[in-house]
Each structure stands twice: as C-alpha cells, then as structure tokens.
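Asker: Take the sequences, apply the hints, and build the full model.
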Amino acid sequence: MGFGKYVGARVLWAVVVSLIITTITFLLLAAAPNPAIREAATQAALQGGDPSAAVERERELRGLNQPLYVRYMDFIRSIYTLDWGWSESRSQPVTEALLQALYYTAQYSIPWTVLTITLGPLVGVYSAANMYSWRDHVATGFAFFGYAIPNFFFGIILLLIFGVWFEVVPISYDTSAPVFSLQNVRQLILPVFVLVTGSIGATMRVSRNESAEFQNSDFMKTAKAKGVSPLRAYAYHVMRPTMVPLSTTLVGQLLALFIGSSLLVEVVFGIPGLGRLTFNALISQDTNLVLGSTLVFTFIAVVGNLLEDLVFTVLDPRINYDDR
Amino acid sequence: MLGIGGATALAGCSGNGGDGGDGETGNGTDGDDGTDGGDGEDSGTDTSTYATAAAASFTTLNPIYNDENGAGNAIARALDQGYTFNADNEYVPLLYDMSTEDGEVWTFEVREGLQFSDPYGEVTASDFVYLIQEVHQGGWASSVSATYWTGVEVEQTGEYEFQATLQSPQLLWPESYEPLLYPIPQDLLQPYVEEEDAEGLRQDEELLELQFSGNLGPYVLDEWQRDGGTQYSRNDDYYLQDADDLPDVFNEAPYFESAEIQVLGEQASRLGALETGEVDSAAIPPERVQEYQDNDEIYVNQIPQPYNEKLSVNMRDNGWTTGPGNMFRHIPFRQAMAAAIDKQSLIQGVFRDFAETHFTWQPRFSNFYPPEDNIPMFGVGDRYGSEYARGLAEDAFEQSEYEYGFDGETMVDPDGNQVQLSLYHSAGQETEQLMGEFIAQELGNNLGIDVSIEAIDGTRFDTEYYTTTDFPTPERNEEGEVTSVPDELVDTVDGEEVEWTSPTATNPGPRNITGNEDWDMEIVYGLNTFPRNPLTNAVFFDGATGSYNPVGYYPEFDAQTLFDNARQASSEEELADALVDLFVNIAEEQPYIMLAFPDSTVGYREGLEGPIENFSNGWNLPAWRYEQ
Amino acid sequence: MATKKPEQFDRVDWSELSESRRFDLSINSIGMLVATLPLALLWLYDYQFVGEREATFQAIGLSRNLDPLDYFFVFTLFLFFFYLILPLYQNPRMTRYYWKEFRRNRPAVVSLGWLGIVFVGGLIGPLLISAPEQSILTGHQPPVFLSIDEANVANCVGEVVNGRCQGTWQHPLGTTRGGKDVFAGIVYGMTISMQIAFITTTIVAAIGITFGTVSAYAGGWVDEVMMRFVDIILSFPTFLMFLLILYIYGAGLGMFILVFSAFAWGGTARYVRSKSLSVSEEEFIKATRISGASTYRVVRKHVVPNVASSIITQLTLLIPGFLLAEAQLAFLGIGDSAVPSWGQLISAGRSDLAFAPWIVLSPGIVLFLTILAFNFIGDALLDALNPEAEAESA
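First to last, the sequence lines map onto chains V, P and Y.
If you use our numbering, the first sequence corresponds to residues 1 to 324, in order.
If you use our numbering, the second sequence corresponds to residues 1 to 628, in order.
If you use our numbering, the third sequence corresponds to residues 1 to 394, in order.
These are computed hints drawn from the structure, not numbers from a lab.
Even glycine gets a Cβ: it sits at the ideal position worked out from N, Cα and C.
Hints are all accurate, no fakes.
Example chain P residues on the side facing chain Y (calculated, C-beta under 7 Å, incomplete): (1) 267; (2) 290; (3) 348; (4) 349; (5) 350; (6) 352; (7) 434; (8) 438.
Answerer: Set out below in structure tokens:
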C-alpha cells in the first residue's frame, strides 16, 4: 500500500467514525422527549384546543411524524448541506451560533496551543540539559502541579486572587472587547494561563525524557567537540529529534484537554465559547444546537486522531503502511 | 429565587424594566446556576450608561414569543407595552388607556403620536386589533398571549380606539396583565398571517432585533449578542417626553446616553461587576445583603414579592407512594405538615430573614390580605411543633379508612412500616436543596416521616412527573363549545358530580389521570399569588375547572361561589369581601403547604434615583437617573 | 495436576493435563471465592428480603444502607487484595525489589502515604463520623482559627469577637451554606473517590484485557474489526455523551462509573493487544503452545503476568481522569447532588467564594493532592516496574 492510499483509507475511516458517533447522538436525542411538542400541547390545552391534535401538528411541523430512518436520512443530508436548523434557545441559525462561539473559543485556544507547543518542549529540553538540578526539579514540580490541579478549581482560585482581591483582571468577560486590545489580553490571560499549565506538563515531561536520550548521544558530543554553539547544538541535535515522538502525542493530548477543559474553563471565566454553547444547549434541550455542537466536537476529535496518525507515519519512516 | 413562575404561563410580562417587576421565567431551568433569576440595574461609575446584569441569556427578543422575565426586561428597554402600574398600584397608561363601565366592555384609547420605524408609520388601533385578531386569536401562531384573548371580542371603533368585550365582567382585567400588548406593525405581520407561517414569524429578524421600535421605547436596540447581552442607545424621540399625563420627570427621559444588559452567568461575576461599578445594580443573595448594606457605594433595596415558596403534596393517584389511602387528601394532614415546618427557622436559615412568612395565598402587601386574626398561622408560635402537628395528623388518621398511626416517634402505615415520602427539587438549585433538606428534617423530627430528597432536572420533572399530555379531551362543536365529555373526565368530588370540560396538561382530569412517574412532594416550582388581581388564582383553586391543578386539589369549601361572587362584584369592596373570605379558607385548607415569600434584594450604586422598595419597582425606569 | 504418573512420555494426555490445570485454583482464587461468597449472600438477602427503602442492616440495628455500588466496591476491594496485595506478600523477593526501586522516588512514597490516608479514611471514616447533616441555622461557619464577618452567618457557633464569628473545633474546616460540616464532607468524599477509583479500574481492566488479548489471538479480520471498534471508543467524546445521557435520562454515580469506564478501556485494550502480540512471539510462549497449552492458559499464565505491571501503571494514571471528570460534573451542578463527593462540595461553595473560601478550598486541595498522588505513583511505578518505559503515558 502506498502512502497516498494509506492516507485515503485513514480519512475514509475518520469519516465513518464521525458518522457512527453522530448517529448515536441522533438516536439518543430522538429517544428523548421533545420539549417543544409538550409546549404545543400545553398551549393548545390552555386555549381550549385539542392537545393531541396540537401534538400531531407540531410533530408534523418538525417532521417528527416521519419514520425514524427518513428523519435520519434528512439529518445526514443536512450535515453536509450545512443546513443545521434553527436554535430555539438562541433564536438564530445553528451554524451562526456555532461560528460565533468558535470566534470566542479561538481567542483563547490559539494562544493556548501556541504557548503549549513552544514552551513545553523548550522547558523540557532545558530541564533535560540541567537534569537533576534544582531547575529541573522546579520544572518537574511545575509540570506535575499543572497536570494535577483541576483546571476549573485553579481558575476559580486565580479569579478569586487576581480578580476579587487584587482587582488586576476583570472578573466578567466582556464580549465587546476588540480581539487585539489590552482589555482582551487582560481578560484572557487567566484562562490561557490555566489551560497552559494544564497541558504543558505532559509535553514537558515527554520532551524532557526524550531529549535526555539525545543529550548524551554521539552526534551531540561531536557537535560540542566541533565547537558548535550550545544553543545551535540543542536546537539542531536535541530539539529536532525530540519533536518526532512529541508531535505524535501532542495533538491527541491537546484535543482531549480541549474537549474536556474548554467547557469548564469557559464556565468559570464566562467565555461564551463552544463548550458553554454546548452545555447551554443541553440544559435548554435545544435539540438542533446539541446535534450541531456534538458534530463539531466529534469532527475535532476525529480529525485530531487522524492527524496524529498521519503525523506519526510521516515522521517515523519505520512505520510500514501495510502493518496498520 | 428559584423556578419562580414555574410551569404556568399565567402572568403576563408587565415589561416593568426593573428587577422583579413581574415574574414569569421560563421553565425553572433558567440560567447556569439560576440562583437568582433577577436582573439587576447597573449604571457603572460612568453615569452616562445605564447597565444592568442578567443571570441568563435570552431565548428570544421576539415580543410575540417571549415568555421570560429577563428577556422581557431586555425588550422593555426598547419597546413599551400598553400600560404599567405605579408605586401606588395605580394604572398608568403608556401606549393606551383602558376604561370600562361594567368590567365587561373595555375601551382602549391609543395614545396619539406613537411612531413605528419607517416604513411602518404611525401606531393606530388597527395595529393592535390586527395583532389580537389575526395572531393571538388566529389559532396558528401559538403566541404567548394567545390564551389571554380567547373568547374576547375585539372591535375597532375609531382610528385610535378599539373595544374589547369579555365573556364575563372582570373589574381587575388590566391588573391581570392579560390585556397588555406590545405594538407590532400590521404590515410586518401580514405576510406571516396570510401564510399562517408560525415558524417564519418566530424567526423574523425585524421582530428579533426590535427594528420597528420607532419612538416606542426609551432606548433603541443596537445589538443583541446572544451570549453577551444587549446594547442600546438613547432614543431622543421617546414619546413619553411629550406626554402630559405623566410626571414631569419623564419630559427629558431617559437620562442615560446608552444602556446595556450584560449577561453574567456567575453570581460572583454579577456582584463583582456591581462592586467595581461595571454595572449599577445586581441582585444580592440574602447571606450577603448586610455586607453590601455596609458598603458606601452601594445600597440594597428589599422588595417584597408575590412569588412564593411552597411544598406541593400530590393528591393524585401517583402520590403518597408509601402505602394505601393518600393522606395528603385530608385537610388535617396538610395542616399537620404545615405545622411541622418551622417557617421562622426556614426564613432565617435559608433566606437570612429576607423573606415573609406565607400563611395564605396572598402576600402581606396585598390589598386583599385577610385580617391575620382570621387565619390559622401554621408553622409559627403555638401552631408549630411536634405535639401540635401530631395532634392534627391523628385527626387525619381518623378520617382515613386505613389505619395509619404513630409508633412512638415514627409515623407508620397500616403494616407498621415507617411512612416514607419523596421530595423533588431542581438539580443545581442550591436554595431549593437547602429548603428540601430542611423540610425533610422537620417532617422527620416532628411527624416521624422519612423523607428522601431527589434532585431532578426541572424540565424532566415537568414532563414525566408533574404534568401529562396524555389525557382524554371533550368533544367540541364548530363554535368550540363542549358537546360531550368522556366518562374518564367525570368524577365525583365531595358527593358532587364534576366534569372536566377543558382539561390541560397541568389539570388533565380527575385524580386518576396522572403523569408517567410517581412523586409525593415537590418544591421545584414557586407560583405567583397575583396580588393585583387575585381572581386569577381561580386557576389554582377552582378544582376541576382550574387550568393549573397538578396536585389534584379540590376545595372542600365552596370556592366556586366565592369566585363567582368576586367575579360579579360591582365594586372594589364587594370584591375584597369575597376574596378575603376565599383566602381565609385557603389558609385553613393548605392546598399547597405554604412556606414563605422570599424578598428580592437588589443592590444599586449609591446615587441612583428611582428604585423603590415596592412590587412596582422599575415601572418608571426611563426616568431613573443619578443625582446631579 | 495430573493425578497419575505417566510411565511413558508419549502416553501423557496433554489435553487432560491442560484441562485440569484450568480448574486448579490458586490460594488467591480460593481466598477470593471464600470472601466473595458471604458478600453474594448478603446481597441476595438485601435484594430478596429487605424492603426497598429499608437499611440493609436494620435487623441488627445499623442504619448504614448498602446499594449495588457498595457491593461492587467491596468486591473490587477483594480483587485488589487477593490479586495484588497477596501476590506481593507471596513473592517477598520481588516485592523487596520493587519497593527498593519505588522508594527512590520520594514524592511517590509520600503520595502512597496520602492515598493510604484517603483509602483508610474512606473505608473507616464514615463509620466513625456521622454523615454531614444540614443545619441551616449554622451555615457558613469558619474553620477553626479563622473568622468571618458576622453579617455573613445566621448564627455563630463559636464566639463573636469584634463583629467577627470565630471558628470552633466543632467544625474544624467550617461549614457550607447549609451548615454541613466540611470536614465530614471531605471524609465522605473519600469513600466516593475510592469507589470511583476501584470500580472503574476493575471494569476498565476487565474489558481492556479481555478485548486486547482476544483481538491479538483471534487475528485476521476479527482483530481488524475489534481494533477499529477501539478506534471509535477512543474518539468518543465521553464527557459530552455523558452530559447528554445525564440531561435526557438523568443519572447517578453508578451511571457515571458505567459510562466513563465503558469508554475508557480503549487505550488499555490497544496496549494489551500489542503487548500480547509481542509476548506471543517469544520463544517460551511458542514452546508452551507447541506443548499443547490452550490459548486461555497462555493468556492467563504468560501474557497477563507479563503485561500486568504496565497495565497497573496505566490504570493508575487513568484514575485521576475519572476523579476529575466527576468533580467537573458536580461543579457544573449536574452531578447527583445526593452523592457527597468533593466536587459537590466545591460546587456548593462556588458562589460563596468571596467570603467563605474554605468551602471550595478544602475539598479542592484534597482533590488536587489525590490526583497529584496518583500521578506521582504512576510515574514511580513506571520507573520501578519498567525502567526502559518512557514517561509518555503520563
């Protein structure tokens, strides 16, 4: 099997996985009672009408009187036509709601990702270069601290300290702040910090342990002997090989964190991003929006796994396509 | 305040801009923590913006479909409704004045000079009549106000005048908020009316963004950010500036250059915003009121409310799951429960004294509150305590055909097992949880009942337990009159045959028609007690005919006659007499175990003029301002 | 063991030999059976004879009720004892070696001590300390040595000095808004955390090992299908799905454990599969196979012991994730509020943070320390059991 074919197969498989997950979501929601229908019945009853007729009318309006497979086909069709319906709880199209939320999510997740990818390996390699020194211990301690402290708890504490006691950061998120402004930096600094401490630990540990191997390798010794500056030596001979195994774990870990933590961090800091959108959609039983956001999250998760696989195959020539 | 307004869609949105101006929230599932649905009023250190904080984002700003209090406030910034009530509870005409001779025929006089935005022109009587006849009464749109206009005949009698004829006289019709209308341009509605396109009407952008509001509100809506809230700028042409019939203070209203409502889900954020001056007002939780009273920059108003905290006991067949013979159906037993719960401790512990005791279905500030000598005050003083409650329970056991009794401290069923009951509260609502556990303790200590507390999602409780849509319906002829009632909807109550002619999800029929799941007691919902128009309470206490009777309560006093007397009253005195009588009986029968009226405690920035410690707070919102 | 001594090598009935071995119980399994039997009987008694809402031990005057989760918890404790602690005791030489390796990592030793406290506290605490009970009139009491503005409490249990309510030993860590004792809440939370830790790991290990080995040994398209299934499990947005289930159908702690462990075994299965594939390539396994040992036997006697250490490490590192997920759900206010977990305590104190931070801080710190301890131990195990393993799985 050639590389192209292998990638094709993986992509196809990713599509299948997304389909399966969204199908399960669809079925779960289809089995749940629909609050809108109930409401119609109540309305009709209050007006002296016939509730069962109203229920029927409402079901027809929403296409719920059709057999499940027809609704399912409609649902699948709507996925790729991007006609994801109307969000009842926000009075706007689902796609618009998702885009708006994504706008806010991106504002903190981009700096977070960039910082994690750059700082993690740097600190890790630095730590390895100074292995078992106090600096290494501090870095290791920090890694464990960040990894172990629950993000939402850390967020609350920081907000209490810097928002309520010292009043250096605002405690409420202002959606009208321009993206590139001091105000936006101030209100995003804590969420980004909390997320970075949470994710940097793993990256740091991996790069520390990986680079420790290359540290004492022959080519490193040679480089040093040749008089290559330490910075250059580390950049070329330690960082680069470290990145290979690192990149394979990075994507997956970041994504897992993203899906789990973004919701909590958004709730704590009041950021109206994807996580909160999904959560609010769930508690207000906004079926269309729940489906839409699940779709987005599934897409992110599946694409992440796919990327991880592909990066792995590209970076590691030892992988045989046939074997997987 | 939790789940206030609960399941009913009975109260209209008064559109009082202020906090707690009226009380209808969605379905009890509002907001993240929902611990206070109130929105505060805020005007920051910068006195040119009037900003407030809301706990939950708005579902819709479409005036025809909004049924949330918070969104009602957001709409009210940009769009006035027909009328309001001032601090003395007097009718104040905004868009129209209402008058009547007999309470049956009401004349609406629309104020002149009201303008929609272009191209819709002037607001005339025909806009209102069209809205009522084609949308509210049209049968296709399921608008929120639809129920209020059923059976009302509306007729345009002049360019600025129309008449409404009620089926039966109602002296307090405006007080019920039922004839409260938003101005909606006829031309905007027309295409949807012709197509009967409810979905299109619901999603219409002009309605959602209030783009037609013209000079009809103190501010103009600039932007509605779905998560962030709303932003407004001053409406320089606000029609009340030219109104002669209002206090002079309106002549230059509003006094702020702009306004905004910030949606801040976390209580801590709302309070923080108030402290820093980002917002000018926010609801204060009871345990922190004193702290803010001591703050020089903030003052706290304590505003009595008509929304109650009560314990529902299920008298239907899916209640009293512990054994045979539903004891809740016996008045002495309900009295015993009321007597077993210490109202003072509840108020002190949960509401930190910012609540009123609740003995009958009216708050103390109501004009129809009966003299306290006439009502039994269960749960305080002599009428609280184990011995007293047990005595009442023994009376109930005697009435029952089953042999319940006390085995030492515990209440036991005929088999000798302890009576075990479930108590539901909304998941994630801390106040409810506290109340629930307190009630469980009190019932355990004073009546020997084992109460298990269940947290449940409000919507789920509503659909599966509290209500049902699966009930038989009477047959109707073309005019909508009931021609025959199925046997399932006929039952004998207190020896009289009763028909359920218009069953609803919240009163689906006799006690054997129930929700899917069993439940014994709940505190998920608080209800409005309608102090301005207590007649509305007929929906709760009129037995078979009331539209809201999930607990299956049938009055053992002659409620029907009292309600009829009240309805036919030709003077306020007659009305008051009939109603006072009614409330004495309700205090006696405890259809719900009444507990408390929590006050709304709202903090404002020092210097803000306008807020009052009265249920009408916010009626004159456009005239609020900072001292010069 | 074969009962008769075969006289000649070629007369040996190898199939009988291997068959008989399958039912030859080790002392561990016998212990397990002996311990489980009364448990099962108790459960049966509870299920059959005790009223639905009565306490299990009402007959002998104890009010502690056992629900299915408790039974499962005790069962996993037995498993843990007979298949992890006992073997360590049975192999003192190996144990000493592991301990020597493990001891080098000081944070891990401290962590082990902490987890010991949590474990013992969770087991015994509820017997010594009565469950935190609401007492609305004594809400927001400060921890001992601290004080709170009198305005924030309804009644002060301790003294009031200069308008500030002082903490008392009656509530060493203060109380929540509802007057529940925070210290008692933390102790009860230990039980919950231990239940989550033990039950989920048991389920994950059971499914993961079975799935992984079956997949490895079946090979061919069965293997392919099973591994693709693992792919799906791994890309499943579990947290989201659980929210969905919770909101639509409602769910308690049992459902939480079930759903989360049902979607967490993917990694273990993958790992076990690759491990058993490589183990099965080893010469000694080939030899065993040729000598007629059944697949079950190979797996049971050779594969599992060979991968056990790595699985244990991996599971140790999974547990913090579960504890965190539970706390997150509780924090969002949609966990089962009847379950006295640390997350519930944190969420109960969330809005009182500004003036009563102990309600959030105490359980938050305990949760943090527990997660940290699991991570340290996982890390140390990684080094001790498998020196060449990389810290990747951390």
